[in-house]
Structures are given as C-alpha cells and as structure tokens.
Amino acid sequence: MSVSSTTPHGHANRWRHTLAAVGAKPRIALPSLFLLLVAIATIWPQLLTAVDPIVADPLQAQLPPSVDHWFGTDHLGRDVFSRVVYGARYSILIGVSAVAIASIVGAFLGLISGLSRGIIDEAISRFLDVISSFPDLLLALVLISFTGPGTVNLIFALGVASVPRFARVVRAQTFVIAKSGYVEQAKTFGLMRNVLVIRHILPHALAQVPVLATIGMGTTIIQAAGLSFLGMGPQPPAPEWGAMLAEARNYLRVAWWIGVWPGLAITLTVISISALGKRWQLAFEGRRQS
Amino acid sequence: MTTLLEIRNLTIGFPQDGHANTVVHGLDLTIHKGEAVALVGESGSGKSVTARSVIGLAGAAARISADRFYIDGEDVRNFKEANWRRLRGRKIGFVLQDALVSLDPLRRISQQLSDALGTRGFFVRPNLHEESVALLESVGIPDPGRRLPQYPHQLSGGLRQRALIATAIARQPSLLIADEPTTALDATVQKQILDLLAERRKAGHTLLLISHDLAVVSRLADRVLVMNNGRIVEEGPTEQILTRPQHPYTQQLLDAVPSASSKGFRLSPAAVTNSPDTQARVGTIERIRIPLPTKTIDQHNRVLSAHNLVKRYGGSGGAYAVNDVTFDLASGEALGIVGESGSGKTTVAKIVLGLVEPEQGTVLIDGKQWSNIPEAERRPRRASMQLIAQDALSSFDPRYTVEKIVGESLDSIGVFGAARRERVLEVLDAVRLSEAFLKRHPRELSGGQRQRVAIARAFAPRPRLLVADEPVSALDVSVQAQVLDLLAELQAASGTSLLFISHDLGVVHHLTDRVLVMKDGRIVEAGGVHNVFSAPRHSYTRSLLDAVPTLT
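Quick note, the sequences are listed as chains D and L, same order.
Each residue of the first sequence is one higher than the last, beginning at 6 in the working numbering.
Each residue of the second sequence is one higher than the last, beginning at 3 in the working numbering.
Hints were generated in silico from the structure; no laboratory data involved.
Note that CB positions come from ideal geometry on N, CA and C, so glycine has one too.
There may be inaccurate statements among the hints.
What the hints assert, rightly or not - The calculated lysine to any residue pairs, modelled on SDA-like cross-linking and capped at a C-alpha distance of 20 angstroms, are:
1. K192(D) with P400(L)
2. K204(L) with E139(L)
3. K352(L) with L201(D)
4. K521(L) with D548(L)
5. K192(D) with Y402(L)
6. K30(D) with I276(D)
7. K352(L) with I375(L)
8. K406(L) with N199(D)
9. K184(D) with P208(D)
10. K352(L) with R198(D)
11. K82(L) with A64(L)
12. K406(L) with I276(D)
Said to hold, decoys possible - Quick list of the computed label-pair ranges, beta carbon to beta carbon:
13. S343(L) with S37(D): 51 to 61 angstroms
14. H443(L) with Q51(D): 39 to 49 angstroms
15. L38(D) with G316(L): 38 to 48 angstroms
16. K184(D) with Q301(L): 46 to 56 angstroms
17. V200(D) with G266(L): 25 to 35 angstroms
18. V200(D) with G61(L): 53 to 63 angstroms
19. D326(L) with V200(D): 30 to 40 angstroms
Can you build the whole structure from these sequences, using the hints too?
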C-alpha cells in the first residue's frame, strides 16, 4: 500500500499527474471527475451556485443561456443552472436509498433462501418470481398508486422493484459456496454453524453486491427520473431532473435550454455510474478467474 | 529412417517487464518415423510448452527461437497462423490431458468427430458416418453406433479419453503428441489408454509422449528425454534410463515412484531440493534409500470401528454407494482403501467424518457412538479427527492467509493468541514451510506447497485419526514423493491413525499397513498390504494390480 506522497514541489506536480491520469485512462478518469462534481452538488450545492433554485422572477422568464444565467432561465424565470445543481441531490438521494433498500433486503432474502433450502427457499423464490414477473417501472407505478406520489414513496417503490435482482445473485452464490471444499473442511473442524456461515459463506456470497449495486444505481436513477416525469416523485417546485423535464416539455420549441440541461445531467450521471460499475465488475471477475 | 521432427537449440521465453523469462533453454529433439519418444519432467520443467511449440500453440506471448526446426522436411520457424493450421490435425495430432475439458460439452461425439475429420473441399464428407464409426472402432470404443449421438458427459472417463484420441488421429497425422494422456485416470483406465497407444506404436505410428511419471512411459517409449528446468538433463533408450541413469535428477525421479520395494523408505532425497547440483555428482550415483522412522501400532486400541455401513444414492431404493462395509483401524496404524472412482471409497470417508450419515450400521470413534448422533454432540469431538482433501486449493477459503487457514483447525480445541501462532509455526516447520509463508494466500502457493499446508492444518490440533482422501493424486510424481514422505514421517512421529484413500495402488502399498479393496460399494478383499498385493485372492484385486504401470 502506498500512501499518497507529498513532495516539496507539490501542487503543480500533482495537477500534472492528474491530467496525465485523465489522458492515460479517460474511461475511468472522466466519469470519476463528473461524479465528483455530482457529489459536490449533492452535498454542498452552494459551492457551485449562489442562486436560489426556487425563487421565481417572471421578468426574467425564458432567457437563453448567458453570462448571468449559464443555462438560461425557465418559464417562471428560475435559474436553470442552479436548479440542475440542486437537482443532483434528489437523483442521488433517490438512487442511493432505493439501491440500499434493494441490496439489503435482497441480500438478506438471498442468504436466507440459499442457506435454508426446502420450504422457506421455495416460498422466497416464488415470491421473488412474482415480483420480477412485473416490469420494474410498472410495479413501481402500481405501488405508488397505493401509497401516493412523493419522494419517500418513490424510493420505496423503486427499492422493492429491484429486490429480486440482488436476491437471485446472492442465493446462487450461497448455494455454490455452501457446497465448496472449504465449507466442508470447516465442518470437520467442528465449527458452529453460525460461525461457519459468517466466516466462510457470507463474505463470498456478498462479494458481488457492491458491484451489482453500482450498476443498479444507474438504472434506478433513470427510472426515478421517469417516474418523476410522470409526477410520481418529488412535487413542484422541487428541482428534480425528471420533473424539470416534464415542465420543460411545453417550451421545447421556444426555449430548448429548459429541457436540455437536466436531460444532459441525467444522461451523463447514468453513463458515468455505469461505466465505472462495468469497470469494477470486470476487475472483480478478472480477480476471481486469475 | 526418415526424420519427422528435427529441432536444434530451441529456446522459448515469455518476456514480461523486460525479463526474458526463458522456460526452455537450447533443447534438441529429433523424432524419426515410427519412433515413440517420451519427454519426462515435473510441472514447470518446460515439457508441455515444448510440445505445444511443435504445433504452433505455445501462445502469442511466447518468443521462440531455434537453429533448426523442421517438421517433415518443412522449416516452420517463420510459419504464420495459416501455415500452422494446415499442419495441425493433418500432420500432427494433439491429445490434451483432460478429456472432460477438451471435448465441447454441448457437441455430440459425432459432431466432434466430423469437426476433426473436416470437410472434403467445400462439401461434407459423403461417408462421414462410416468414417466416424471406423475411427471409434480403431480406438477400441465398443458399440460405436450407440456412442456417436451421445454427449461427452454420457461417456465414462476412459471412453472420453479414447474419443479425444480419435479426434486427434482422425486425419491420420504422421505424429501424435499426447500431453499427460492418463494423469487424471484410474489405473485400469490408464492401462487401457496406454495399451491403445502401444497398439498404435506397434502399427508403426510415431508418438511423442509427455509425462511426469517415468513408470507410465516406460512400457511405451523407445527413447526417453528427461527434462528439468527447461533443459534436457539426460537422454537415451528407455531401458538404459530406467536401469542405468547417469544423472542424479533422473535417479530422483525413479526413486520417487512409490512401490512395494520403497516401503519403509523415503521417496525423495533427504533435503527437499528443486535443483540438485548437476555436474558434481554425475556418474557417482548410488541408490541409497533413507529409511522412514518406525511407527508403533497398538492393536488393542481401536480408534475407529465401522460396522456394516450401508448408504444408497438418493435415499432408500437408490443404487448402493456403500454396501455392508465393516473395518477397524488401530491406534498408529495406516489403513488404505483402494478402488476405482465410483467404488464408494469417498462415501466411506464422508461417513467416517460424520459429513454423511449411514442408513444402516454404526461408526464408533474411540469406542463411542459417532454416527447418527446430533451434530452438537459430535462437535466437541471433531478435533480428534482431521481431513486432508484431494484438492487442497478448494479446501482453503480463498480470502484466508496460510496463518488463518492452519490456525482455524485450532478453533475447536480453544487454542488462540500466542499459543496458536506458536503451534501454527511449529506445524509449518514440520512440513518445511518457513515463516514467510504465513502471509501467503492459497493462490500464491504451488501444488506441493498447498498440499503441505493442508497436512500442517490436519496435524495442528493433534488428531487421533487422519482421513486422507486422494491427497496426492493431483500431484507430480516428484512432488508426490515429498508429500508422502512428510505424511509418513508425521504419522510415525505423532502416532496418529491414518485412513488413506487412493486409486493408486503403488502409493497405498508404499504408505499403508493394511488395505481394503472396494468395488461397487463392497469390500472385496482386505488384509495386510503385502499379503493382498503379493497374493491377491479376488480377481478384481488382480486386475487392479495388473494395471499398475511399473518401472520395468
């Protein structure tokens, strides 16, 4: 493990290194840089813009991009750049929370299913079959129609819809590892079953979950934007990207900038996450095979 | 005699990060038409990559140079992929080690054969079926018409290997290369394959055989080349190599073959060395065997008794995996179980280990009930019984270091902290692994080192009984020799009883005191290992013994 070295002629050198790194591995560096921006926008949007995303100024409505308003203003005169920056918080929050619910519940169900077999496994597996027999978006729509629109309900709906993806992988992994040589060997040591599961089965069965979660996050953000577009997510005037697209729809001919920027933000965020996730998955699989 | 293959000063390297990584150094190899030549050496000696270079399959990363490299009069040094393709199958057939891996599991035998036979011009061969049948007949597959539509997994190991050989000889190549063609096989199946190759040789076909086992090639080859660390250390007629070896490494390989005559002696030289000093000792070889320590067997102290064990596949009504098996194991004794795959010997091991419950019969450990009791009652007694599995690598948690792997067996007897570390170091030292190995992961160990770690782990909690299920069948003869020596030494020193399961009769004869011969789940013969192997009463034991390749 090398600790990042701090040399006397520090900053200039480090910048050059960073630039060199971007040049050398653009497929990793560019998405990383973009996600860094998104992360800043999520945690501390004031750092990127001083303008309030909610305050409307009808006199300034539908201004094209300029030095004052980088991304222009929308039909109510709100600054689009500020709204796009603040919107990151919604997308990331919804994406992270929904995936967290899906991966925790999914991994738990998968483990129980894989370890217990028999009637419990059968019950869980059939339940998951039912869930995954609906398309994700349709299932989320159905759930929201029961719970009503809103950020929390959206998170819950999207989370539930992608539980099977995690549960299936963890269950299959658990099966394979429970039959492996080292688990049999550990049995001959007289280990308690719980110890055996925690030591030798859990870490391997869960190894793929972070990778799956990363890739799943991209999908979830798109779905969240889609549902928000339909008005199922955060309610106006919240600057959610999907909701912004819905509002911009009516002005696309006269003021393209209202819709294009949030659209770009969604696209780039999802592409960045997927690109990094795929990279990670490849590295992960490579490590397993070598 | 026409020369089929002529190689002068062959050097193969896999350059990486500026290092040449040369694996073959200036090798000369000539094969005449009708000759059977064997290339013998342990894994890593460069024998396989040499064989692969002869069909242009050494890999894209390989850098190959030679002064002369002629195949059937053609200089192949500047061959392109297209040139090689013309050669493969037609001039040179190649049989790989593992038929299960080498045959496409999703293609029928007929399809594999038609791939191998190729097309005639643009069209499918008109009499493909007849040719395929003839081909299967030529490799001794009975009832070929029934086998053609089957998939590889429907064939037994021996038939599969024959089918693989059939694909290699489909276009009547002038040279057949077989890379460890029998290593994964039972002795009886191995014999069938060797007989098949011997028949081809008698019919005048040319053969290049690659193996780590001198005994396997001894019956088959006219000439043997012994390879070590990328160099040919000795070359000569088979008979001369076997009876009057000139090089200490050849002697070492010969000594490593376990047999009746090696019983009670070490198989490997006293110090574990991988590169014996080559020049100094040439010509001054004496066959000195170093005796193993004697063991004490207490016949009155029964560590393990198994009575009338019965286990069927898939519960009652299924075929018998184990049928009425009864045996005892005394303290300090080594008991061998031999039989072909599917004879039920591994199931017996699992029943003894308490991983599988017998349907009928009982297992007693130290006179107390062991089978069909709740796991909670068994758990505290498990430390007295340890397992050495066939595939050491898969018996290690890949995330664990050697220290954790060995230490885990001490959990059950409650040894933790400094005492655990001390015991781990002690047993690692006993298997001649230094402290530097503590932090290694399983993948960073060689095959022999892995098996030594497995042995260290098994001995760590000072068990009374050791169950070893084919612990050396995946190893080279020379590495196997080191592992068997360690096992014998530690067993004698600790007075542990050993239940040793193997399909290799030589190994069992060398290591154990008594032996059970199993066939189809039953014990067909039992007794002292000398009696059983020198005067077998059951015909099955005799057929097993006949199949063992010997150094004659």
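Checked hints:
{"no.": "1", "hint": "K192(D) with P400(L)", "verdict": "17 angstroms, holds"}
{"no.": "2", "hint": "K204(L) with E139(L)", "verdict": "17 angstroms, holds"}
{"no.": "3", "hint": "K352(L) with L201(D)", "verdict": "19 angstroms, holds"}
{"no.": "4", "hint": "K521(L) with D548(L)", "verdict": "16 angstroms, holds"}
{"no.": "5", "hint": "K192(D) with Y402(L)", "verdict": "16 angstroms, holds"}
{"no.": "6", "hint": "K30(D) with I276(D)", "verdict": "16 angstroms, holds"}
{"no.": "7", "hint": "K352(L) with I375(L)", "verdict": "15 angstroms, holds"}
{"no.": "8", "hint": "K406(L) with N199(D)", "verdict": "18 angstroms, holds"}
{"no.": "9", "hint": "K184(D) with P208(D)", "verdict": "15 angstroms, holds"}
{"no.": "10", "hint": "K352(L) with R198(D)", "verdict": "18 angstroms, holds"}
{"no.": "11", "hint": "K82(L) with A64(L)", "verdict": "14 angstroms, holds"}
{"no.": "12", "hint": "K406(L) with I276(D)", "verdict": "41 angstroms, violated"}
{"no.": "13", "hint": "S343(L) with S37(D): 51 to 61 angstroms", "verdict": "52 angstroms, holds"}
{"no.": "14", "hint": "H443(L) with Q51(D): 39 to 49 angstroms", "verdict": "47 angstroms, holds"}
{"no.": "15", "hint": "L38(D) with G316(L): 38 to 48 angstroms", "verdict": "59 angstroms, violated"}
{"no.": "16", "hint": "K184(D) with Q301(L): 46 to 56 angstroms", "verdict": "39 angstroms, violated"}
{"no.": "17", "hint": "V200(D) with G266(L): 25 to 35 angstroms", "verdict": "42 angstroms, violated"}
{"no.": "18", "hint": "V200(D) with G61(L): 53 to 63 angstroms", "verdict": "44 angstroms, violated"}
{"no.": "19", "hint": "D326(L) with V200(D): 30 to 40 angstroms", "verdict": "37 angstroms, holds"}
Hint check: violations occur at hints 12, 15, 16, 17, 18; the rest are consistent with the structure.
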